[in-house]
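Peer 1: The residues making up each chain are set out below.
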Amino acid sequence: MTDTLTAAPKTSTGKSLRTEEMIINMGPQHPSTHGVLRLEIVVDGEIVVDVVPHIGYLHRCFEKHCEHMTNYQQVIPYVDRMDYVCAMNNEFAYVVAAERLLKIQVPERVEFIRVIMAELQRIASHLIAVGTYGIDIGAFTPFLYCFRDREKILDLFEMTCGARLLYNYMWIGGLSHDLPPDFVPRAKEFCAYFKPKIKEFNDLLTYNEIFVKRTAMTGVLPADVGLNYACSGPMLRASGVNWDLRRDDPYSVYHKFDWEVAVGKGEMGPVGSCWDRHIVRMKEMEQSVRILEQALAQIPEGDVQSAIPKRIRPNPGEVYARTESPRGELGFYIVSDGTATPYRIKARGPGFVNLSVISEIAKGAMIADLVAIVGSIDIVLGEVDR
Amino acid sequence: MNPVAEYFGDIYRGLRTATIGMRITFKHLFTRAVTIQYPTVKMKLPERARNRLYVNMDDCIGCDQCAMACPVDCIQIETIKSTPEDNLGTTSTGQKKRLHVPVFDIDIAKCCYCGLCVYPCPTECIKMTDVYEFSEFDRHSLIYSFSTMTPAEIETAKMKAKKMEEEAAAKKAAAAAAAKAAAEAKAAAPAVPVPPAPPAAPQQQKPE
Amino acid sequence: MEQYLTSLFGDTIWVHILMGVPPLVFILLYALVVIYLEMKMAAHMQDRLAYMRTGWHGLLQPIADMLKLLQKEDTIPAAADKFLFLLAPYVVFIGTYAAFAALPFGSAYIGSGINVGVFYILAISSLVVVGLLMAGWASNNKWSLFGALRSAAQIVSYEIPSALAILAVVMMAGTMNLQELSAMQTGGIGHWMILGGSLPLAKKLIAVPLMLVLFLIYYVSSMAEVNRTPFDIPEAESELVQGYNTEYSGMKFAIFYLAEYANLFAVSAIVTVLFFGGWASPFASLMTGPWWSAFWFVTKGMFFVSLNIWLRWTLPRFRVDQLMYMSWKVLTPFALACVVGLGLLLVW
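So the sequence lines, in the order shown, correspond to chains Z, E and F.
Per the working numbering, residue 1 is the first one in the first sequence, and the count goes up by one each step.
Per the working numbering, residue 387 is the first one in the second sequence, and the count goes up by one each step.
Per the working numbering, residue 595 is the first one in the third sequence, and the count goes up by one each step.
It should be emphasised that the hints constitute simulated quantities derived from the structure, not laboratory data.
Just so it is clear, CB atoms sit at the ideal spot from N, CA and C, and this is done for glycine as well.
A couple of the hints might just be wrong.
What the hints assert, rightly or not - With a straight-line Cα cutoff of 25 Å, these simulated BS3-like cross-link-like pairs (lysine-lysine) come out:
#	chain 1	residue 1	chain 2	residue 2
1	Z	LYS152	E	LYS430
2	E	LYS496	Z	LYS64
3	Z	LYS199	E	LYS413
4	F	LYS634	Z	LYS197
5	Z	LYS197	E	LYS413
6	Z	LYS363	F	LYS797
7	E	LYS496	Z	LYS152
8	Z	LYS152	E	LYS413
9	F	LYS634	E	LYS428
10	Z	LYS195	Z	LYS310
11	Z	LYS195	E	LYS413
12	Z	LYS188	E	LYS430
13	F	LYS736	E	LYS413
14	E	LYS428	Z	LYS310
Unchecked claim - DEER-style ranges, computed between Cβ atoms:
#	chain 1	residue 1	chain 2	residue 2	range
15	E	ASN437	F	MET881	32 to 40 Å
16	F	ARG647	E	LEU401	37 to 45 Å
17	Z	LYS188	F	GLU667	38 to 46 Å
18	E	TYR518	F	ARG647	14 to 22 Å
19	E	TYR518	Z	TYR320	19 to 27 Å
20	Z	THR339	E	THR515	53 to 61 Å
21	Z	VAL52	F	ASN734	19 to 27 Å
22	Z	HIS59	E	PRO508	37 to 45 Å
23	F	LEU680	Z	CYS191	29 to 37 Å
24	E	ALA554	Z	ARG311	30 to 38 Å
25	E	TYR393	Z	HIS54	39 to 47 Å
Said to hold, decoys possible - Which bits of chain E does chain Z cover? Going by a derived footprint, with three or more residues having C-beta under 8 Å, they are:
#	stretch
26	428 to 435
27	477 to 484
28	496 to 503
Same shape as in the complex, but just chain Z (with noise of 0.2 Å):
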């Protein structure tokens, strides 16, 4: 019966079974679609015809917003909250967009911290995303020590900027507060625990054969494919694509770190499954936490709010800078017109991305498999809809 399996919506008839194709709708409300998705499956049986994706939901108007703003820092909590999950990375973006544009050099000692809030974040996102993905998958109990970890790193964030998930921390040309005296050593002690709940996680839900099976010959997404949807970050990086932007694209302080950057091998299955891209995060979390500790133990001294500028007012251009955000390259395309307020701010989303290669990796592949699938993206509507 293969040619129901590749057709398009329609009865088959003729020499094989006569059925029929289901078009079913994994509603805006799901479980477990990452927030308000839409998926419309074509479904023949159990078997996935076509999915097609239907965002939206959360638009909430964050690039027109911009334009009204009174200055280039009131745009900071706004790029918080459109991917909620890992705001200091976006915040991070911005800030190096819109001091490429002004031509402002900040101190050392803010480049450390911004990289240090960023790898953090990316760690609490990740575990976000491994904690949610096993959930879809059926496993209850990592998610909730997913969560236990993360609190320790909202803990250290409020402790320095007073916020535990929208920060307004990274300014353009410095930070909000400096470190207070004990963030250094609180963050050691995390490094130091946080190890070996890595391995307690691997141990418990990664290499869990059922869950090996489940998501280790799905989902593959082949490199070249993944290269011409414009795929970024770990989904890429899980086919086997060796790119990193905190490496090849560097900015700000990456290059005094030594660490890996984590390719998907095809332990488990093809290379591109989901199982891989679940590897992915988990390596890139163990390096994370390594150029964590090289940059607590070189932070220089100095003073953050030196370089803020008082009045923000860039000469007529444009830029687009781009950094490594948890769930690959997240840009911002900055116009201004010589006034204060921006006159375009455009945010290219990698989930946005990412998310249009779906109807490609997911034909051929059960509805359970879907779900695995979407998981594995990594998406967040917040910007994927912005």
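Dock chains E and F against chain Z, hints included.
Peer 2: Only chains E and F this time, still in chain Z's reference frame:
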């Protein structure tokens, strides 16, 4: 790979990883819980915690910096000029207050807790406290009015300001009329041969 | 107990009605305990505390839950097949409750001491499948239908390995009557079926590994019969919202819930009777007697229920085709091999 070996390998790996997982969860049965019983036990927030806003009106000079800094426009401020006789006092940072502030409303439901209003305040009168339990049943109760002026005070202040404005306007009109009269008188005087005026000093406009 | 009641009432219908009441009472009390146990075990495995506010450490929470479910609004979707929709929970519950009739709750009580006890249990618990299919179809909801169809396929497939495992034990014991099976295992832990029953020592050494494998096979199949993770795709929360349960609320949902837990105890009880001595005390003559035997039965049953809960919160869930693969290509061949092996051993 040899299918038979794969078959038995799968079974063996399945049993082994299941027991490893079970051992982890069993160990966790006896570890201490990391949660606290919230309403009876509350976590201590760090000192930089950013929660509900508070404005100390004694220190507010009505400069409107916080309202301009807010990205979601949740602060509404209205001011009335004070007359020179009024003594509104000084703030704790030593500045003399010159404006009455009859309306200082913060819609805390709109507030996004970014803290951008705290930094520009010259007298540090607007602060983020650590209060996070302020739910209300009615949405309108979330509009906090910090102004301490009574309606009677607001009326008197408005009248005084209006009067001062009218006096100032009258004075200006009188001065304008006097200048006009002087100019007319000068124009009506008999022509006196006056020496030619010296060449006008170069009064160039500075280029904008 | 039957003789006692007959002596009280004579040979009237009352005897039979009263004989049917203890399992019902047990199910209701047990449901309260197992709900609490499951939540607390899950919570402590996840480093958190569950109920703490109703009663000391939440002991009264199951009662609160039951009260809540009882007074909830019973909604019926407008386009649902009303008759089947209303009937389905009761069919499921009847299938489960009827299985309790052949379980020996102690040396003095068994609901119905029929000679085909375990065969009857296997047969009547298949009624649950009919109920689930009715629930899925009558809900008029594509997701419920998916859940119901998957569930039917799953339960029917896993009947085979469980029947084969039961067959092996019956071969060894020579009887299908569960009361007699339990009675055969008295006299200390060495007489339990899992340790070879009443075979001589030489044969025991070969029988024990076979019995161990059979126990594993039966335990795994029983988890699939009751739709518990890792086999809970019929109610896979993250995929199908709540599977066949989606459109049910209030009292009907409570009955589904009750039936699932009752089924869980029923299969745990079968495991204890077949392999672990039923109501026989592990110490030879210590703690025996009608009340002690009831205690042992319930305790061993609860032990396997907790084992089930432990597995539920550790393992992820299988996909439908992997589940089928496991049943037909892993459990059944191993069960057949063990049956043949055990048969040869017994004939020797």
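Peer 1: If you draw a straight line from the CA of F:LYS634 to the CA of E:LYS428, is it 25 Å or shorter?
Peer 2: holds, 22 Å
Peer 1: So if I understand the rule, the pair passes when the alpha-carbon distance is 25 Å or less; does F:LYS634 with Z:LYS197 pass?
Peer 2: Given pair F:LYS634, Z:LYS197 holds - Cα atoms ~23 Å apart, limit 25 Å.
Peer 1: Tell me whether the statement that chain Z covers the stretch 477 to 484 of chain E is true, taking a Cβ distance below 8 Å and needing three residues at minimum.
Peer 2: violated (count 0)
Peer 1: Checking one constraint from the list: CA of E:LYS496 to CA of Z:LYS64, max 25 Å. Satisfied?
Peer 2: Within the cut-off at roughly 18 Å; holds.
Peer 1: Check whether the Cα positions of F:LYS736 and E:LYS413 lie no farther apart than 25 Å.
Peer 2: violated, 41 Å
Peer 1: Tell me if the straight-line CA distance from Z:LYS197 to E:LYS413 falls inside 25 Å.
Peer 2: Measuring from Cα to Cα gives roughly 14 Å; hence the hint holds.
Peer 1: For the range 30 to 38 Å, tell me whether the beta carbons of E:ALA554 and Z:ARG311 fit it or not.
Peer 2: holds, 32 Å
Peer 1: Does E:LYS430 sit within 25 Å of Z:LYS188, going by the straight-line distance between their CA atoms?
Peer 2: Roughly 22 Å between the alpha carbons, so the hint for Z:LYS188 and E:LYS430 holds.
Peer 1: Check the following: the C-beta atoms of F:ARG647 and E:LEU401 are separated by a distance inside 37 to 45 Å.
Peer 2: With Cβ atoms ~40 Å apart, the hint holds.
Peer 1: For the stretch 496 to 503 of chain E, count the residues whose Cβ lies under 8 Å from any Cβ of chain Z; is that count three or more?
Peer 2: holds (count 5)
Peer 1: At the C-beta level, are E:TYR393 and Z:HIS54 separated by a distance inside 39 to 47 Å?
Peer 2: Since the Cβ atoms of E:TYR393 and Z:HIS54 sit about 42 Å apart, the hinted range of 39 to 47 Å holds.
Peer 1: Z:THR339 and E:THR515, beta-carbon distance inside 53 to 61 Å?
Peer 2: For Z:THR339 and E:THR515 the Cβ distance comes to about 35 Å; the hint is violated.
Hint compliance for this structure: hints 6, 7, 10, 13, 14, 15, 17, 19, 20, 23, 27 are not met, and every other hint is.
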